[in-house]
Amino acid sequence: MNESMLSEFWRNSLHHRSFVIGLILSFIMLFTGLLSLFWTPFPVELLDIPHKLESPSAKHWLGTDHFGRDVFSMLMVGAWNSMLVSVFAIGFGSLIGVPLGALAAAKRGWVEETVMRFNDFAFAFPALLTAVMLSAVYGPGTINSVLAIGIFNIPVFARITRGSALSIYKREFILAARTAGKGEFQIAVEHIFPNIVSVLIVQVTIQFALGILAEAGLSYLGLGTQPPIPSWGKMLSEAQTMMFFAPQLAILPGLAIVLTVLGLNLLGDGLRDILDPRLSRVR
Amino acid sequence: MSIFLAKRFFALVITLLVASLVIFFLMEILPGDPASIILGVGAQEDTLAALRTEMGLNNSAPERYFRWISGILSGDFGRSYTYDIPVSTLILERLSLSLPLALLAISLSTLLAIPIGVLAVANHKRIADTGIMGLAQLGVAVPNFWFAILLILFFSVKLGWFSAGGFAGWEMGLAAALKSLTLPAISLALPQAAILARVTRSAVLETVREDFVRTARAKGLSRNAALWKHAFRNALIPVVTILGLQLSFLLAGTIIIENVFYLPGLGRLLFQAIAQRDLVVVKNIVILLAATVVIINFLVDMCYVAIDPRLRGGRA
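Residue numbers (our numbering), protein chains in the order written: chain A, 1 to 283; chain B, 284 to 599.
Careful, some of the hints might be misleading.
Each computed EDC-like pair below joins lysine to aspartate or glutamate, with the alpha-carbon atoms no more than 20 Å apart [what the hints assert, rightly or not]:
(1) Lys-408(B) with Asp-269(A)
(2) Lys-512(B) with Glu-493(B)
(3) Lys-290(B) with Asp-120(A)
(4) Lys-290(B) with Asp-269(A)
(5) Lys-408(B) with Glu-489(B)
(6) Lys-290(B) with Asp-591(B)
FYI, nobody ran anything at the bench for these hints, they're computed from the structure.
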């Protein structure tokens, strides 16, 4: 992307309402997560039983939980963990899925058929089922979440890469590249990939949002991030037992999840409209 | 049609075969000794040996795999270590809750989402459309288990209309049982309805601009009749695709939701089996759920053929 294209992209983006709202929400979450690495109002492992279940105050902005831990600090660290799991999972899924999809589109025939059958098979395992199997045998943990969400993302990226790459392979400039003597790998890297990267970026944003939701679900069930590291899902499952006297604890982590996922979805919708108007949803 | 169906059926069998191999490999071969996982680190050697014999772990891996698969095909899923009853009995007992819950949720979601999606098209670019789509955007971002917690907070804690969890049991009467399934079904259905409404809206919006819809209007059909009979029918393929995918996600969703409401269904059984390291139960429920997903996808393909007559010509 050269400089004039970049400035045009920003000009279009700043007029797109979904994109701007999504960008702001995502930026707030990213900033909060990053900040938690250097600073939180209170250390999250600090138990302060005499001050348990306090309401929001100047000292504890969002109150404290049943161990007297500062809820705002826990949400900050939770944001970072949630994003980290999702980033690694989507990275894992796309690093395997994209080359597989590209291979299917480039080779066609039995290679394509095999890759697509593998996709059908991987779709049979929602992230939760994979996490269940891994946890039953190896015990629950963050790595299980990453693997489970990552495996589910492989076919998602393989499908979208194959679909987009197939339409590029039909174009004349690919024929020209072949005539010029370029090899399959060189064509894929130099011509196919730059032309499908915008579709992939949009998909990454959407899958990232789904990854956040999946991570929250797994840690809610106790299959993901383990205590004492705070996670949004775990905070919700702990809060459920205290709903009658501390309902706020069951609301705040959920709001954090919704705002993050909403932000990423809006960002994804916006990016899709801006980067590739042909893919834009029907208005 | 037969070529299309035969190809899909062949793919179905292969997928099920590979899925069973992967589950077997992950849960029986990779961990080394399943008996020591079930009994834990402090187990006595003679207890371990007895369990290995009981589970047939002394046989070779291929032998164990074939015994497992032939057992499943004849309805024998093995014996649960913690409950000491056949896994098939356990599964059937728990399905009597999970299956009605899943059906209730998918019916609720479909009955809500499709009219809402079409309504949005009928009011395209008006307030109703914007409002519906805004709500749908929000609905997609809400995790179902948090939505469930909010429902409990409002309807159980604040209003006291429903219990916060548990299942009355079918023997207490249909009304009591359905009452305990109402909040779980709503929490499963609404986030799914948000996605389905969005898909329905965009699919119908695409077909509503087609010439055949204009023709239908020109020959005197009312706007609503043209929308439902022509535009909606032709928008069914993407809607059915998403519905099929949602059924798969619903199965995963019930695992979480049954835990939120402490419902004694298949999902809760699976979750408890993990905590108790009852690998026989976990392995069999996982294959059952994976097979259900694959079979649902196959049925979705069947639906394509029913919806789109062009597929009957053998083209796939």
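| query | Among all the numbered hints in the text so far, which are the ones the structure does not match? | reply | When the structure is compared with the hints, only number 4 turns out to be violated.
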